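Starting from the known structure of chain A, arrange chain B on it as the hints suggest.
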Amino acid sequence: MRLFEKIFLQLVFFLLGLACLTAQETTPSILFVTTSPIRARVVLDGEPLTGETPLMLRDLKPGEHQIELLKEDYRPVSRTLQTAPGEIAELNVELAKEFWRPAFPDEEGVQVHGQPMETGDTLLRLPEGEYSVSRQGTRLVLEPVYPYQKVISALNISLPVFLSFSAMLTLQEMLSPSNMDLPLPPVVLSSYIINLGMIGLDVALHVRKNKFMRTFAAESEALESASSAVREQYRRGEELLASGELDRALNVYSRIIAAQRDSEYFPLALYKTAKIHVITGKDSLAVLEFQLITRYYPLAELYDKAQKALADVYLRRGSYEQSCSYLDAMVLYDPLFTPEQIDLYRCEILERWVEAEEERLDELIDCYRELLADYPGSEDINTYRYRLAINLLRGERRDEAAAQLEEIPADLKDEELARNVEELRARLGEGVE
Amino acid sequence: MTTSTRAAARFLLILLLLSASGLDAGLAQEAEADALNPADDIARKLSEAEALLQPDHTILPQELQSIRDLGTGLEAYPDLETSWHSLLMLAREKLYAQQQQAAGGKPAALALEELRRGEREAGRLKVRKTLFWTFLGSGVTFLVVSNLAAYAPDIADRAVEKGSAGSLGFWWNMEDLVAEYNVSEVSAGLSVLSFALSAVMVAGGAVP
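Sequence lines, in order, name chains A and B.
Quick note on numbering: the first sequence equals residues -1 to 431 in the numbering used here.
Quick note on numbering: the second sequence equals residues 37 to 244 in the numbering used here.
Excised from the complex, chain A in its bound form:
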């Protein structure tokens, strides 16, 4: 019988271990995918996804994944990455353009392929390739070079040479005919074939070149759209924000949001706008902006911050349940937040909630208990115990409160806490709540 029990217990432990292992292996991972510029299409393991970058892929099966990022006018990028169970990872890809955007702010005039372009605060948008640059008076002239231009140039030299050679051979044959069965000797025929081939190739290349030149298109864009200009604009907004000029900072960020929708600074400017709205008391606008970030622009560096900001705003509004739900949505990838900090914040929200609705007290007590269980080595463990004791006392659970206070050492470094603990002990001792 004892042996049977032993085997049974071993089997139970084995199964439990196996279950834990399986659970760990299937814990989904989270992946933040973003590109520069944003709004690229994402294909995950051959499956086209809804939405554009930045994307937050929740419930990602741990293992190897292939991600393809596609955006018009940019080279497609394919990346293979490995995710571990429960891991939160970030994939940030800078997409390479299929065009180039030079600016000639110092030139009086620029002409591209015969087309006069604007200079000054203008960027040219030209297809990738070779260009010849020359100057006509004060005007800079850019002319696209056909990729096979070198072959055409070589043919321009070799074709007359070969034609002359062929003509000389023909002339020689006419003057002194060879005694062969063929109407023309093989060498003459060969020269004709080579010449014919070269002429054919030359014609084909010219046809293609004409098509290339006809389809060539140069465009111009405002210099503001240059990534360096957007970066500079954003930096200017940061400076204004730091110096407290909120209206001007808001104006700069709004300009980025309105005109640079593809820029990686778009979500950042959106976040800053929301922050300014929080400061200026326009909470309802701020909420909408933070929600936009968390739903459609979840940058790894913004996601947790926006969720936390939403929790703050809802706490201020007295919507405790919503405030807690935003805290729950945090993934804690941002190093700015620690799990302990957020768990403590949840308890603080619950404290405020209990002030409004006494029936939430048990939830609050559980919150502090979890805090104690999850962070036994925390520096603030005594504060947590004290807070738990206070709330236990509030719920008339005096013995439990006393037990918690017992756990707090007598030699506390924090004088205020020591005083508070003593006060609470006295209250418990007196039997006065």
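Be a bit skeptical, because a hint or two may be false.
Claimed, not checked - Below are the DSS-like pairs computed for lysine-lysine, each with C-alpha atoms no more than 30 angstroms apart in a straight line:
#, chain 1, residue 1, chain 2, residue 2
1, B, Lys142, A, Lys59
2, A, Lys303, A, Lys59
3, B, Lys165, A, Lys209
None of these hints come from the bench; they were simulated from the model.
If you're wondering where the values come from, they're calculated on a predicted model, not measured in any experiment.
The following block gives chain B in isolation, referenced to the frame of chain A:
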């Protein structure tokens, strides 16, 4: 009542009526101004527009347009104008995001299909280019062989004359082989064929 008293009373009555009507007009004007205070009206409309942006509401293009329309004549109220800008941006982004969600993975699927098509095209171009250079190379080679075969007797004669031929038998056999298998004609034919095929490759886009 004397005439002078009657006149004074009439004067007082007229004065009273005039002042009363003036007071009424003032009050009415004030009430009207209150009712039509444009800033309040715009602020009310902006807060109504905020409701359209709540997560549970699906914004429509005409609603975006109505928010856009609120912006006319806002220059005089910078604070309201700033809020309106934010609302307009939020509405525009929400509508865009909704459209993205509604499209599902279709845009990404289309982009992927285009990419695959491009890849296939690039692969075909590579094959065409390879074939072009192969045919061109073969054409030149066969042309050289054809000429060598045609002039084999002359070359052999010269080699023998100069005494540089390693073995007379080799050249004799060579001449026989060339004559027996029509190497010159066959090579010339293959050369022409190769050149023709390379021309076809060029026409097919081997040269971009």
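To see whether the hints hold, each was checked on the structure:
no. : hint                : verdict
1   : B/Lys142 - A/Lys59  : 23 angstroms, holds
2   : A/Lys303 - A/Lys59  : 25 angstroms, holds
3   : B/Lys165 - A/Lys209 : 19 angstroms, holds
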